[in-house]
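Visitor: Given the structure of chain B, go ahead and fit chain L onto it with the hints provided.
For the protein sequence lines, the chains are B and L, in the order given. Here this note's numbering = 1-based position in the first sequence + 266. Here this note's numbering = 1-based position in the second sequence + 3.
Honestly, the hints are just simulated from the structure, not real lab data. There's no promise every hint is true.
[Unchecked claim] Short, incomplete list of chain L residues facing chain B, as computed with Cβ under 10 Å: (1) A212; (2) A400; (3) A438.
[As the list claims (entries may be wrong)] Just so you have them, the derived chain L footprint on chain B, three or more residues with Cβ under 8 Å: (4) 310-322; (5) 332-344.
Just so it is clear, the structure is predicted and the values come from calculations on it, not from any experiment. Here a beta-carbon is modelled for each residue, glycine too, at the ideal position from N, C-alpha and C.
Residue-level listing of the chains:
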Amino acid sequence: MMRTASVTPVAAAIELELAQVLVEVLNLEAPAREIDPLLPLFGDQGLGLDSIDILEIAVAVSKRYGVQIRSDDPDSEQIFASLRSLASHVAEHRTK
Amino acid sequence: MAERHPLLRGHTPDSVIAWRADTPICAARFAAAAAALADRLPARRHVVNLCEDRYAFMLGFAASLAAGQTTLLPPSRAPGAIRESCRDFAGDVYCLADHDEFPGDIDAIRVPTMAEDTGRDAGLPSPDAAHLAAILFTSGSTGKPVPHGKTWGSLVAGARALGTRLGPVGRATVIGTIPPQHMFGLETTIMLPWQNGMSVYPKRPLLPADLDAAIASAQTPGWLMTSPVHLRACIADGLSVRGLVGAISSTMPLDPALARAAEGLWDIPVLEIYGSTEAGMIALRRPARDERWQLCEGLRLRAQGSQLWVEGGHIATPQQIADQVTQQDERHFTLDGRTSDIIKIAGKRTTLAALNAALNRIEGVQDGVFFVPEGRAKARLAAFVVAPDRSVVEIRAALRQHVDPAFLPRPLRLVSRLPREATGKIPRQALVALAATMRDAEYAG
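For reference, chain B alone in the conformation it holds in the complex (with noise of 0.2 Å):
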């Protein structure tokens, strides 16, 4: 899977961990490095997600890197939207 020049070392990274992490904790079907960056975390055109995907997601992500996510955020649709949006706010906002 390609990842764009646009993407930072450091964040492609987190993406990697991230893909890796959606498909442990939930129990996806694709291999880590197949999951399209840009593809919707909800939705049958993405990933399919639901809300207590979300809650996994949340747990693991504040965990691993210590981010905090409130689904009442304003940013909160942005962040979720899809897996590179979600790395880029784990990479700006951790503190582990």
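Guide: For chain L alone, kept in the frame of chain B given last:
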């Protein structure tokens, strides 16, 4: 002479009924807003309350009771489930919502999420105890949701019994992760605060950081009404919850080890309710201390052959107990395991029969079966489907119309045929083997 119960008990016109953005809404303002909404309701006997915001739901429920209506609560937000729940009331139903995601073919009234300050001096209804306040639905194996009527009297009795069990709660705030359309949500986040002088936090804190914010904004001690899924996530997150004085879990079994971890971390009692949509609350326990359940006030267990029934108190008609039970004495019992194919994931409930029926009704699906994978407690359901002309995405999208997202299979595998025996049954071992074969094929390829 008909017995009536006021909507609120333990409240005064000035007592807080809900919090909105840190601002208290008092009972008098709630009464005025409910009366104003009641004036706008169509003259129909049934209303589907789809409000997401707990205060909006309350306004809608109160207004519909004032108008003598019955509130329908579908088993999920899936459009198919909503339509099927309304089917028997066609022509005599409309819906209340505070958002736009409901089937377009049902008339809808928008519930304002800000309480309108009408300045109107209004009382709240005192519905007749025999009034059919609500009909809750469970998923049926024929695709048609099964209705369970709740009279106002039975809802009030349940709320008072629970309030008595909790002890003095003062002006505590109820914070819930469960939707008010679910029996546990209706009992603990609407009826309990209404009948015991408590207030309500309007949003559903889905993430640990949300719960943190909810407790901070509550301004009075909080009672958390939640499920093991959210409890586990909060504990895993190491969330501290100064400001909570108690928690109640329900909708799926709470592991006593998780309850102990929560009590250790939060230093509050973590209670658990055993109940069902059919019966409401049946028993209560504190799993960190005692694995035994204590039957609720006024209820009795009765064995009839090999089947156990619960009756009395707030239970309108005797209900079967779906679990294997060992009774220690008249009021105490332990649960030993399931006797049916009930599936519970993330606080939602259905049966394998209902899921399989929904799957096999999808156009293009020749044969299909849901499968509970071995191992991990939080694993999703899997499904094997024979559908030569359809894709996984299409089938999942079709399922989503009728089935709660919690039960959507992950993975959904297309196969050429299912390992059915001559009797038509599929032995579990055959599915376990099929799953293993497909997994191995993936790793090899």
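Visitor: Could you run down the list of hints and mark each one as holding or not?
Guide: Evaluated hints:
1. A212: holds (4 Å)
2. A400: holds (5 Å)
3. A438: violated (12 Å)
4. 310-322: Per the Cβ count (9), the hint holds.
5. 332-344: With 5 residues in contact (Cβ-Cβ under 8 Å with chain L), the coverage given for the region 332-344 of chain B holds.
In summary, the one numbered hint that this structure violates is 3.
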